[in-house]
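Fit chain B to the known structure of chain A by using the hints.
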Amino acid sequence: MSTYYVDPAAGGDNNGTSWANAWTNFQSAADTAVAGDIVYCRGTQTVTSGNEIDLDTNAGNTINGFISFLGCDAGGDAGAGQFILDANSDGANCLKFTSTASYLRFENFTVKNATGDGVLRNGSQPKGWLVKECIFESCGGDGFGDYLSEGMFIKCKFRNNTGHGIGNACSNSRFWGCQFTGNGGNGINNANYSGVAAMGCIFHDNALEQVHMAVAGTLINCVVDGEDDGTSGDGIYNLGSTNLVLGCRITHNDKGGEFGIVVSSAQSLSYEDWNAFYDNDTNKDTGMVHGGNDDETLTDDGYTNRGTDDFNIASGKEIRSEAVNLDWDA
Amino acid sequence: MVYENKSFFRKAVPCENGDTFRQCNLSQLLPHTTIGEGVTGLIFINCNLINCDVPGDADIESCNVSQISFCSHLHPEWDMPKCPVECSHVVDTDEIVIDGQVVDVIRHREDTIL
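Chains as they are written, first to last, in this note's numbering: chain A, 1 to 330; chain B, 331 to 444.
Excised from the complex, chain A in its bound form (with noise of 0.2 Å):
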């Protein structure tokens, strides 16, 4: 297991041994780690149209683990600060992975500015990625591009992308504690891949659907709520009979004539039951359920502040289902 670093302000031998002598290009440490390799990574580095950077040679691997790219403070302290690979409003994408590309691991990486998406897949599926404590942001395109499979995405922000937050997400994907805020497409776009996840995630203020959902997938103890002048779409898109959505605050879906969830085929889950809703479409008789209950089950959205976007629950609120607390920020 080999150890490397990465700063795009260093002045040394450019080789990847130590700070003082970091790569000053991210893709000389995408090149060169093999599995079970960390990379150290500190700074900014501006990647500009026609030198984006290519996850296409080396990948991670169930015996020697994982490829860890992890972002560090100035200081050289990994978690405690962002690596940021910006594109400048130049670069098409940021990063972008082939099939090779698999059992990679980023923390701490910020990927932003891109004319198109800011990770873009290239060719066929890779799996198995951990993404931990990552922004992806205003992109012109999807923040996180069409994903992979079995991959898992924990406390990660997707926000104010033209596009989707993340589009395809792929297969059998995981989000814990994300949240997808403020994209011009949908939070999570899913229409294609099953078994995706998402638990404590907040999706607010995304132009078209929060979530457009796919077969198999699933919703746990997520806030689901809609922009604030009442013009975005459905909180939770194309349910079928495979889904499962328990524990979930579905609020402030109210563009007139959307839903806090809109089912694709007959369910004997009754989301009423399990959720609770509050403010979805103008007509709070026929808003909740496309095809299902229509009583709102709360007298407010019972957020601490929505306008600061506290989701948290707020003391003495009633609780049907619990919103996370999601206490990191960059």
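Check the hints yourself; a few may be wrong.
[Said to hold, decoys possible] Taking lysine-lysine and the DSS-like style, the derived pairs with C-alpha atoms no more than 30 Å apart in a straight line are:
(1) B:412 to B:341
(2) A:96 to A:127
(3) A:132 to A:96
(4) A:255 to A:317
(5) B:412 to A:132
(6) A:255 to B:412
Since the hints were derived computationally from the structure, they do not count as laboratory data.
Same frame as chain A, now just chain B:
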């Protein structure tokens, strides 16, 4: 006023002199959409300003300031002016030929970075 973590995607942006926008999505569907006309002292930090034209004295820090011509064929979910079939976003075509007859044309389109 300070706006933080708000989305003004495809909407008019409320602006008054000296407003600050932090981690907001102000991106618009059409290139060179004027934001804050006649307003001074605006500050944009870590925002998505795609297709925005902000006042010349605005302070912009770490924002996406791309101008992108979006193709309506690629984005049917957005309420935007419809592109013609042979729009400028077509980058390639494939003809489907059966028995010497072209029965269909597949047009490959891309959004255009201006």
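Legend entry - Pair hint residue 96 (chain A) and residue 127 (chain A), alpha-carbon separation not exceeding 30 Å: holds (14 Å)
Legend entry - Agreement of residue 412 (chain B) and residue 132 (chain A) with the hint, judged by alpha carbon distance not exceeding 30 Å: violated (40 Å)
Inset, instruction - With a cut-off of 30 Å on the C-alpha distance, tell me whether residue 255 (chain A) and residue 412 (chain B) pass. - result: Holds. Residue 255 (chain A) to residue 412 (chain B) sits at ~23 Å (cutoff 30 Å).
Legend entry - Pair hint residue 412 (chain B) and residue 341 (chain B), alpha-carbon separation not exceeding 30 Å: holds (18 Å)
Legend entry - Hint consistency between residue 255 (chain A) and residue 317 (chain A) [alpha-carbon to alpha-carbon, up to 30 Å]: holds (25 Å)
Inset, instruction - Could you grab the alpha-carbon distance between residue 132 (chain A) and residue 96 (chain A) and see if it respects the 30 Å cut-off? - result: Distance of about 18 Å is within 30 Å: holds.
Of the numbered hints stated above, the single one contradicted by the structure is hint 5.
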